[in-house]
Amino acid sequence: MKENKMKMANKKIMSRALKDSFMKLNPKTQIENPVMFLVYFSSIVTTILFAISLFGYKDASSGYILGITIILWFTVLFANFAEAIAEGRGKAQADSLRTAKKDVEAHKILSHDNKENMESISSALLKKGELVYVKAGEQIPADGEVVEGAASVDESAITGESAPVVREAGGDRSAVTGGTMVISDWLVIEVTSEAGESFLDKMIAMVEGSSRKKTPNEIALQIFLIALTAIFILVTVSLYSYSIFSSKEAGIENPISITSLIALLVCLAPTTIGALLSSIGIAGMSRLNQANVLAMSGRAIEAAGDVDILMLDKTGTITLGNRQASEFIPVDGHSIEELADISQLSSLPDETPEGRSVVILAKEKFGIRERNLHDLDMEFVPFSATTRMSGVNMKDIEIRKGAADSMKEYVLMYGETYSEQCDKAVKNIANQGGTPLVVSKNHIIIGVIYLKDIIKTGVKEKFADMRKMGIKTIMITGDNPLTAAAIAAEAGVDDFLAEATPEAKLAMIREFQAKGHLVAMTGDGTNDAPALAQADVAVAMNTGTQAAKEAGNMVDLDSSPTKLIEIVRIGKQLLMTRGSLTTFSIANDLAKYFAIIPALFMGLYPGLVALNIMRLHSAQSAVFSAIIYNALIIIALIPLSLKGVKYREVSAGKLLSQNLLVYGLGGIVTPFIFVKLIDMLIVATGLIS
Numbered sequence: 001m002k003e004n005k006m007k008m009a010n011k012k013i014m015s016r017a018l019k020d021s022f023m024k025l026n027p028k029t030q031i032e033n034p035v036m037f038l039v040y041f042s043s044i045v046t047t048i049l050f051a052i053s054l055f056g057y058k059d060a061s062s063g064y065i066l067g068i069t070i071i072l073w074f075t076v077l078f079a080n081f082a083e084a085i086a087e088g089r090g091k092a093q094a095d096s097l098r099t100a101k102k103d104v105e106a107h108k109i110l111s112h113d114n115k116e117n118m119e120s121i122s123s124a125l126l127k128k129g130e131l132v133y134v135k136a137g138e139q140i141p142a143d144g145e146v147v148e149g150a151a152s153v154d155e156s157a158i159t160g161e162s163a164p165v166v167r168e169a170g171g172d173r174s175a176v177t178g179g180t181m182v183i184s185d186w187l188v189i190e191v192t193s194e195a196g197e198s199f200l201d202k203m204i205a206m207v208e209g210s211s212r213k214k215t216p217n218e219i220a221l222q223i224f225l226i227a228l229t230a231i232f233i234l235v236t237v238s239l240y241s242y243s244i245f246s247s248k249e250a251g252i253e254n255p256i257s258i259t260s261l262i263a264l265l266v267c268l269a270p271t272t273i274g275a276l277l278s279s280i281g282i283a284g285m286s287r288l289n290q291a292n293v294l295a296m297s298g299r300a301i302e303a304a305g306d307v308d309i310l311m312l313d314k315t316g317t318i319t320l321g322n323r324q325a326s327e328f329i330p331v332d333g334h335s336i337e338e339l340a341d342i343s344q345l346s347s348l349p350d351e352t353p354e355g356r357s358v359v360i361l362a363k364e365k366f367g368i369r370e371r372n373l374h375d376l377d378m379e380f381v382p383f384s385a386t387t388r389m390s391g392v393n394m395k396d397i398e399i400r401k402g403a404a405d406s407m408k409e410y411v412l413m414y415g416e417t418y419s420e421q422c423d424k425a426v427k428n429i430a431n432q433g434g435t436p437l438v439v440s441k442n443h444i445i446i447g448v449i450y451l452k453d454i455i456k457t458g459v460k461e462k463f464a465d466m467r468k469m470g471i472k473t474i475m476i477t478g479d480n481p482l483t484a485a486a487i488a489a490e491a492g493v494d495d496f497l498a499e500a501t502p503e504a505k506l507a508m509i510r511e512f513q514a515k516g517h518l519v520a521m522t523g524d525g526t527n528d529a530p531a532l533a534q535a536d537v538a539v540a541m542n543t544g545t546q547a548a549k550e551a552g553n554m555v556d557l558d559s560s561p562t563k564l565i566e567i568v569r570i571g572k573q574l575l576m577t578r579g580s581l582t583t584f585s586i587a588n589d590l591a592k593y594f595a596i597i598p599a600l601f602m603g604l605y606p607g608l609v610a611l612n613i614m615r616l617h618s619a620q621s622a623v624f625s626a627i628i629y630n631a632l633i634i635i636a637l638i639p640l641s642l643k644g645v646k647y648r649e650v651s652a653g654k655l656l657s658q659n660l661l662v663y664g665l666g667g668i669v670t671p672f673i674f675v676k677l678i679d680m681l682i683v684a685t686g687l688i689s
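This note's numbering numbers the first residue of the sequence shown as 1 and each following residue consecutively.
Hints were generated in silico from the structure; no laboratory data involved.
Take the hints with a grain of salt, since some may be wrong.
[As the list claims (entries may be wrong)] Label pairs and their calculated CB-CB ranges:
hint : residue 1 : residue 2 : range
1    : Thr47     : Asp103    : 42 to 50 Å
2    : Val104    : Thr47     : 47 to 55 Å
3    : Ala227    : Glu105    : 52 to 60 Å
4    : Ala464    : Tyr242    : 54 to 62 Å
5    : His334    : Lys427    : 35 to 43 Å
6    : Ala464    : Ala504    : 20 to 28 Å
[To be verified] With a straight-line cut-off of 30 Å between C-alpha atoms, the simulated DSS-like cross-links for lysine-lysine are:
hint : residue 1 : residue 2
7    : Lys365    : Lys468
8    : Lys395    : Lys460
9    : Lys365    : Lys248
10   : Lys28     : Lys643
11   : Lys515    : Lys468
12   : Lys563    : Lys654
13   : Lys28     : Lys91
14   : Lys363    : Lys424
15   : Lys456    : Lys468
16   : Lys452    : Lys468
17   : Lys12     : Lys91
18   : Lys456    : Lys472
19   : Lys248    : Lys58
20   : Lys643    : Lys12
21   : Lys408    : Lys365
22   : Lys363    : Lys452
23   : Lys643    : Lys456
24   : Lys365    : Lys424
25   : Lys456    : Lys646
26   : Lys654    : Lys472
27   : Lys460    : Lys563
28   : Lys135    : Lys28
29   : Lys460    : Lys427
30   : Lys462    : Lys654
31   : Lys456    : Lys363
32   : Lys427    : Lys395
33   : Lys563    : Lys462
We put the beta carbon where it would ideally sit given N, CA and C, even for glycine.
Turn these sequences into a full structure, and let the hints steer you where they fit.
Structure follows, in structure tokens:
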């Protein structure tokens with residue numbers, strides 16, 4: 001079923017691309033790509049030459065001119081098709097997003113003081129700053145911030161992720177997106193965007209490519225290609241003038257036709273990269289969209305490819321985000337079994353990941369099974385920010401576990417001691433990058449639980465790969481310097497920023513940028529907004545605040561901090577693809593120059609036969625073969641421009657030498673092989689005698 005849907009989607013994209021290929025023949029569209037506009041203009045000129053040839057004027061045989069004209073028009077259409085099929089992917093994605101974007105009935109709150117006073121209006125009429133009430137089963141009518149309530153929200157229409165997420169007032173998970181669905185409870189939302197400027201509207205515009213602007217590198221490359229094309233125009237005009245002079249001197253009719261020289265110009269101009277340049281940029285944007293990342297500009301993707309500093313949050317990126325109990329350390333003569341038993345009892349009602357890990361560790365190491373809470377007649381004392389401890393009361397037993405300083409204050413208050421042995425255990429755990437939880441029974445310290453930040457599998461290897469690419473990784477954490485240093489060493493990052501504040505992050509980014517580095521970072525909170533606004537590549541989490549999303553130049557719909565590494569890969573792949581195909585295109589032109597020129601001018605200079613190393617049949621067959629190859633190579637390279645050149649984590653120097661070898665040498669060799677094969681085929685079929 002899924003395969004059939006994919007086939008239907010691909011078929012729809014192909015048919016739309018074919019139609020758009022002809023729609024793009026509009027001169028206003030063609031002139032946006034100067035290199036391909038040259039081919040477009042050349043097609044018109046040869047069409048006129050063919051029409052004139054039917055009335056007696058013979059620049060060359062009518063059949064030859066017609067053949068060249070048809071191939072030139074196909075070259076233009078193939079270039080249009082490459083761009084259209086890249087755009088087609090985005091349009092297909094935009095179509096699915098439009099199904100989520102629809103006007104719905106919104107419950108607008110008329111007074112901030114009386115939230116029960118509401119009226120029902122169309123979501124299209126909502127304005128920034130207004131409050132709306134959304135209950136379970138209703139669609140969120142507009143982008144906004146939750147100002148009251150908490151609810152489960154289905155964001156699958158935007159992110160593709162079926163699992164609901166919690167959105168609540170306050171904190172860093174208060175932003176909601178229009179088009180998503182509330183599936184439990186209720187929310188009061190303050191609208192943060194005007195009609196037509198919502199997150200979904202921006203996303204549709206970006207994936208369609210309607211708001212895609214050329215990046216600085218793309219503009220620079222296009223200027224280079226225009227300059228190269230201008231040089232070849234001058235060369236071609238000079239060759240024609242020289243052929244007229246030489247033929248008069250030799251007393252023979254000029255064997256070089258205008259049609260042949262137009263075809264020669266198209267073959268020598270960098271039409272391959274000119275045809276594919278736009279599709280490479282659009283495909284890069286599409287790959288980012290497929291990774292569930294919305295780029296607010298093409299410049300951000302390009303900057304991702306040039307990034308050499310990666311600032312990563314520790315929690316959720318480098319570590320799993322949930323500390324796990326890894327060891328019981330008894331003190332003052334107490335046994336490890338007693339500590340494990342007391343620790344498990346204190347954690348039985350504790351549903352936090354840390355609490356569950358204590359229960360599991362006691363069960364796995366000492367076989368202590370979970371007890372029935374009801375039978376134990378247990379009263380749970382929840383953790384609070386004030387006491388910084390939690391625990392249980394049961395009959396004559398009072399068990400507590402918590403932060404070392406809070407527990408020290410707690411036992412001293414009851415006249416008990418906080419031993420040097422306990423203090424030493426706490427410091428050892430902190431020095432190793434862990435979190436110590438001190439455990440007491442009836443106000444007497446029993447021991448310490450070692451909570452460890454678990455480093456994600458494969459993270460160290462990823463950072464090693466980044467290092468090979470010349471990217472420096474920096475861990476950002478609120479931990480103290482000792483803890484941060486231990487985790488940084490275990491994870492293999494190059495540096496760290498401990499006790500990170502918004503000001504410290506901003507200062508670090510500015511310092512690196514002042515030294516000429518490009519910096520990428522992720523963030524989700526309002527306190528991250530200044531640093532995100534300063535970073536060259538700033539990825540805001542979709543679950544984050546509106547301030548963070550507005551400060552970033554990318555939004556990760558999956559809200560995965562590790563996505564930054566994938567974004568850098570996509571950016572580098574985009575630059576690699578553009579560079580590789582530019583190398584291939586220019587190498588192609590070089591090869592075609594040496595393949596065609598001798599064959600084209602050997603009628604004027606018989607000595608050039610020796611340079612016709614491909615042994616092409618004639619001047620006309622040489623030009624015809626080259627122009628056919630020139631058109632077909634565009635079609636052949638469309639899959640590569642869409643998929644991108646295969647990315648490998650190696651140094652820039654090694655990558656450059658490999659690409660020069662593959663695409664530079666390949667670009668020189670390929671025309672010699674295929675132009676000769678096409679020449680043999682057209683001669684064998686009698687197309688050219």
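Here's how the hints hold up against the structure:
no.: 1; hint: Thr47 x Asp103: 42 to 50 Å; verdict: holds, 49 Å
no.: 2; hint: Val104 x Thr47: 47 to 55 Å; verdict: holds, 53 Å
no.: 3; hint: Ala227 x Glu105: 52 to 60 Å; verdict: holds, 58 Å
no.: 4; hint: Ala464 x Tyr242: 54 to 62 Å; verdict: holds, 58 Å
no.: 5; hint: His334 x Lys427: 35 to 43 Å; verdict: violated, 19 Å
no.: 6; hint: Ala464 x Ala504: 20 to 28 Å; verdict: holds, 27 Å
no.: 7; hint: Lys365 x Lys468; verdict: violated, 41 Å
no.: 8; hint: Lys395 x Lys460; verdict: violated, 48 Å
no.: 9; hint: Lys365 x Lys248; verdict: violated, 100 Å
no.: 10; hint: Lys28 x Lys643; verdict: holds, 28 Å
no.: 11; hint: Lys515 x Lys468; verdict: holds, 21 Å
no.: 12; hint: Lys563 x Lys654; verdict: holds, 26 Å
no.: 13; hint: Lys28 x Lys91; verdict: holds, 21 Å
no.: 14; hint: Lys363 x Lys424; verdict: holds, 26 Å
no.: 15; hint: Lys456 x Lys468; verdict: holds, 20 Å
no.: 16; hint: Lys452 x Lys468; verdict: holds, 29 Å
no.: 17; hint: Lys12 x Lys91; verdict: holds, 11 Å
no.: 18; hint: Lys456 x Lys472; verdict: holds, 19 Å
no.: 19; hint: Lys248 x Lys58; verdict: holds, 18 Å
no.: 20; hint: Lys643 x Lys12; verdict: holds, 19 Å
no.: 21; hint: Lys408 x Lys365; verdict: holds, 27 Å
no.: 22; hint: Lys363 x Lys452; verdict: holds, 18 Å
no.: 23; hint: Lys643 x Lys456; verdict: holds, 29 Å
no.: 24; hint: Lys365 x Lys424; verdict: holds, 24 Å
no.: 25; hint: Lys456 x Lys646; verdict: holds, 26 Å
no.: 26; hint: Lys654 x Lys472; verdict: holds, 18 Å
no.: 27; hint: Lys460 x Lys563; verdict: holds, 16 Å
no.: 28; hint: Lys135 x Lys28; verdict: violated, 49 Å
no.: 29; hint: Lys460 x Lys427; verdict: holds, 26 Å
no.: 30; hint: Lys462 x Lys654; verdict: holds, 18 Å
no.: 31; hint: Lys456 x Lys363; verdict: holds, 24 Å
no.: 32; hint: Lys427 x Lys395; verdict: violated, 33 Å
no.: 33; hint: Lys563 x Lys462; verdict: holds, 12 Å
Of the numbered hints given earlier, the model fails hints 5, 7, 8, 9, 28 and 32; all others are met.
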